[in-house]
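Chemist: What follows is the residue order along each chain.
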Amino acid sequence: MILSVRDFAIGFQREGQNLVAVDGISFDVAEGETFVIIGESGSGKSLTGMSIAGLQPPTAFVSGSIRFKDREMLKRPDAELRKLRGPEIGLIYQDPLSSLNPVWPVGDQIAETLTAHGLASRAEARKRAVEMLERVRIPDPRRVASAYPHEISGGMRQRAMIAMALAAGPSLLIADEPTTALDVTIKAQMLELLAELKRELSLTIILITHDMGVVAEVADRILVLYAGRIAEVGPADAIMLQPSHPYTAALMTSAMISQTPAKQDLNAIVGGAPGLGAFPAGCRFHPRCPRAQDDCKVIEPPRRKFGSVELACHHPIEAAMPLETARS
Amino acid sequence: MKLRNGILGLALGLLMGGVSYSAFADDASTFVYADAGEPSTIDPAKANVNWEFTVTRNIYDRLVDFDLDDPSKLLPALATEWKQDGKVWTFKLRDGVTFHDGTAFDANDVKATLDRLLKIGQGQSYLVDDIASVTVVDPKTVKIETKAPTVFLASNLSRIEMLSDEDIAKHKDDLGQAWFNENANGTGPYEFVSWTRGTQIELKRNDKWWGKFPEKPFDRVLDRFVTDGANRARGLEGGEFDLANFVPLDEALRIGTSSGFHLVEGNNLWAWPAIYLNMDLAPTNNKDFREALVKAFDYNAMVQSFQGKAEVGRGPVPSWFPGSPEKEEVEIKTDLDGAKAALAKSGLANAKMKCSVPAGFPEFRFAATVLQSSAQQLGVTVEIEEQPFVEAITAIKSDRSNCFVLGNANLSPSDATKFFSAHYLKGGFYNSGKFFDQTLQDLVAKLPTISDAAERGKLLKQAADIVVNSHYIIWTARPKTVVPEPDRIGGYRIDPAEYINARFWEMYSK
Amino acid sequence: MVIAFLLKRLVWGLVVLIAVAVITFFLSRVVPADPAAFLAGQNASEETVQRIRVEHGLDRPLPEQFASYMIGLAKGDLGESIRTRRSVSTDLKQYLPATLELLIVSFVLYLAVSFSLAVLAARRPGGAVDGAIRLVTMVGTGIPVFWLGMTLQFFFFYKLHWLPLGARFPIRETAPPVVSGFLLVDSLLAGSLSAFLASLKHLTLPAATIVVNLLAVGTRLSRAALIQEQSRLYVRTARGKGLSPNRILFKHILRNALSPILTATTMQFGYMISWVILVEVIFDWPGIGLYAYQSFQVFDYSPVIALAIVSTAGFVIINLVMDLLYPVIDPRVQSVGS
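Protein chains in written order, with the UniProt record's numbering: chain D, 1 to 328; chain R, 1 to 510; chain E, 1 to 338.
Any given hint could be a false lead.
Distance condition first, Cα-Cα at most 30 Å in a straight line; then the derived DSBU-like pairs of lysine-lysine [stated by the list, open to error]:
(1) R:333 - R:461
(2) R:204 - E:201
(3) R:480 - R:458
(4) R:458 - R:287
(5) D:127 - E:251
(6) R:92 - R:446
(7) E:93 - R:170
(8) R:172 - E:93
(9) D:69 - D:83
(10) R:172 - E:75
(11) E:159 - R:510
In short, the hints are calculated from the structure, not lab data.
Please work from the sequences and hints to get the whole structure.
Modeler: Right under this line is the structure:
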């Protein structure tokens, strides 16, 4: 296991109250796999992703354990975490325009990943930056290297972000909603690129998304997060084809219904996801769950094995139906 | 960092090889005088404020000098002897006097200087504007003829600095106005060295001077321009300055009585707040109304504001002035009943008036405030407007204001008529309230022609009475001047007929 | 493009300057004062005063005086000072370097101090350090300039004897020969490190007075800019690259915060120009502030108008320089002209 998360919880203090955003989750990521964390906004998926790299907000309190390559990441001094970010863990984000420094040429920003860690001289780093741009399939990498972020297209920017995240040769790439702002064609290209890079560089990828369409294309394993709790975790095929958790099923359905991977796709589920501090008792999904019964309202479902997946549901969809049936 | 230091050092080394400059070391022979302002000119024909006189008085000499303790007693200077014969005065000049540039001083210099002064007509020229002609008899003798006989000519010449006729001839196009504005070549105890605009004028001692320096005189004098009074006080106290003028009274008293300092006290012309009342504008054009104001005024408050170091005047000529009639004058004091009676007579109860005060003089402002509260007791309202000097005097002259506050000045050590000409005679520039009295005009014209001192005294009293009885002026108080002098130096004396000033040639270090 | 822009701005600047000249000319004449009286002096006769009025053209009707002033101005003639009896340009040449030296040193010091404090404060907004800095700078700004200046003099000159009372150079010593008019530069040119240090000592209190007075606004603006930039996504990216907080601050945040900070400080430079008059009077600093103060006192028209024009010109130039700098600082600002 390259990464193993145990009883990880993170929360914030607000007006004297402890608001727990992620409430004791555990999962493992194996070397070389593409692990997808899916959830609505507010589910805690990004917080989890950032915490893996030690980038949780400084005001947050955390508990549990996150072990990356047998190193405990939580409560590790920032100076040591910094040495890992870049050479060991790379990060990319949605909205590459804002995520790139607007006043630096793209190439210099890529090169900085190397120079800041003392991995290359300034001149060498520049050369490597151009190589990285080439590697992420950017035509005319030299021109792009000297361009400012606002001077290149959205797709190019995300490629440049990837080049920057991978420049120092990390083994783990955490991609937080990397395709959200992109249009459908570019999105497909980007996912393809990620898959290729993964093969070429033998990367482990943790992909954080709310977009089921993305999941289908790349995921090896999937973790479904709802309101700071794990709903379901397991192999992608199992979850995609036979969702056991009503929430997952709803996600799948809405992904099928909505033609465009726009933001509303999850809102297709009745109601909205609960906000931080407004998590209901019992199963947190029960107010929106079509299968909810009285026990769901009071008893928190324990996590248990269910076929090839682990899930937390009192009344899972037992008769695993083919997807076609579920659709009709 | 090391590299940068090295480069700086190298650059400095190179520069030091090329330029020889060293800051003058501090020594006891430099005297630093903190002056309240920067001269507008150092031309003796135009100088008219004391920070200009600081420079002109020390660089140039005058024909005669006078005893500071008894201004009626004249002393020889560039002239060694003089006599009056009706309208003609004859002066015998001192031998062997040279200007700082080495040229000799003679009668031609006197003639050229006086001719130029009268042509320009500014500065102190009013002191000698009764001169009709100047004649060179021989290089050591000069004859001056006046329009009418005047006993005061020699005394008034004790203020007139002598220039070199060569300098005047060299720059005759504009009467030398441009050149003399910022250059100086005199026969006096100190030579002009440089003028750093905004900062200082530097002088050095003229060791060829005909006069006598005390032991341990100062070889170098820096006349610093220090605008802020608190700074002059603090710098004097902290030892940056050796002497300062116009130190605020409370600071002067405090510093002068602290250890390492002593106080020099004396009479002088600076800042006697006199309130001029407009003779042409209602309600001050009413004599009874003016009398009411004069009688209501709280003179005690004024004296107290000078911490007791002041007297209340009784007329236009101060008591210490040679021949002053003040001792025989009636004391002027607050008389509220008299004031009320006068006001009733004027029929101007509840009148309103406006008073213009030149800004920047706390004593003047205070005098106006005292007038305001005194008048209020009569039911008269005084509105005070503080304005820059020229604006304030323009306001009363153009009848937009009823009153104006100013000190009366006269640089002549013994000619009392000069108190009158600018302030009480027709056309006098500071006669801001436009006082006019034909009898006074005639008296003032006649006074200098009378050689008998007792007779002159009688006429002077008449003249003074005319002004007093007109109630044109409220003489609020005449403060004494106190100057703190550090114990390490000595020789400072206050010139009674001058603004606060320093005779550098009398100063020495102990 | 840039040339067209420059041309447009220069024309606009010229219009502003002419407007300032016209307004100050008439404002100064509205006041019923008579500078000729000052020139003539105590006890001068009315004839003398009238003669001086004629000599200086003060007797002519206002429109005529205005026309001749503007014609002179067009030729670069700023007129004559009645007080110093020299041409105003000669005076300005003399006094301007002292003021510029003070302004430049103050401005650099101001940027450095306000930025350092802002960095400290922005590290933990709302924290103890932030609060302390806010309090101290607010107090500094709340104190009137003259009082602040005099308090500094009282402690550092009078009580501690560390720093001089005022002026630009030790009184009893000879200043280095004037080359640039900047004493710091001239001292070095004359090869005297001691003169350089002496000049620096004289600069300390006046500069500190200006800086302390502006600090609260400067720190607050810089702090706000820094906090805003800190929350930007590129900062997260930089952290994700494993950069140290200092590197993020100086290499990333600062560059981005620079344009809002510069915009704010440009305005502050305007304030500085107005404070300089007071500060120069307090510290006997022989610059244009003291010159202006003394000219005001005797209604010396020409220097007053000239100083209004010069300080406006200074402000116009600074704004122009800033506009030209923006694209350099921020590549997103493509061309200032468009």
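Chemist: Now, for every hint given, state plainly whether the structure supports it.
Modeler: Structure-based check of all given hints:
Annotation: proposed proximity of residue 333 of chain R to residue 461 of chain R holds, straight-line Cα distance about 19 Å (limit 30 Å). A distance of roughly 28 Å separates the Cα atoms of residue 204 of chain R and residue 201 of chain E; the hinted pair therefore holds under the 30 Å criterion. Straight-line distance between C-alpha atoms of residue 480 of chain R and residue 458 of chain R comes to about 27 Å, which keeps the hinted pair within the 30 Å bound. Distance restraint check for residue 458 of chain R and residue 287 of chain R: the Cα-Cα separation of roughly 25 Å lies within the 30 Å cut-off, and the hinted pair is therefore satisfied.
The straight-line distance between the Cα atoms of residue 127 of chain D and residue 251 of chain E is roughly 21 Å, inside the 30 Å bound, and the hint therefore holds. Taking the CA atoms of residue 92 of chain R and residue 446 of chain R, the gap is near 28 Å; set against the 30 Å cutoff, the hint holds. Taking the CA atoms of residue 93 of chain E and residue 170 of chain R, the gap is near 28 Å; set against the 30 Å cutoff, the hint holds. Among the hinted pairs, residue 172 of chain R with residue 93 of chain E is consistent with the structure: their alpha-carbon atoms are about 28 Å apart, no more than 30 Å.
Of the pairs offered as hints, the one joining residue 69 of chain D and residue 83 of chain D holds, with about 14 Å between alpha carbons and a cut-off of 30 Å not exceeded. The hinted pair formed by residue 172 of chain R and residue 75 of chain E meets the criterion: a straight-line CA distance of about 29 Å does not exceed 30 Å. At roughly 26 Å between alpha-carbon atoms, residue 159 of chain E and residue 510 of chain R fall within 30 Å of each other, so this suggested pair holds.
The structure fails none of the hints (numbered hints given earlier).
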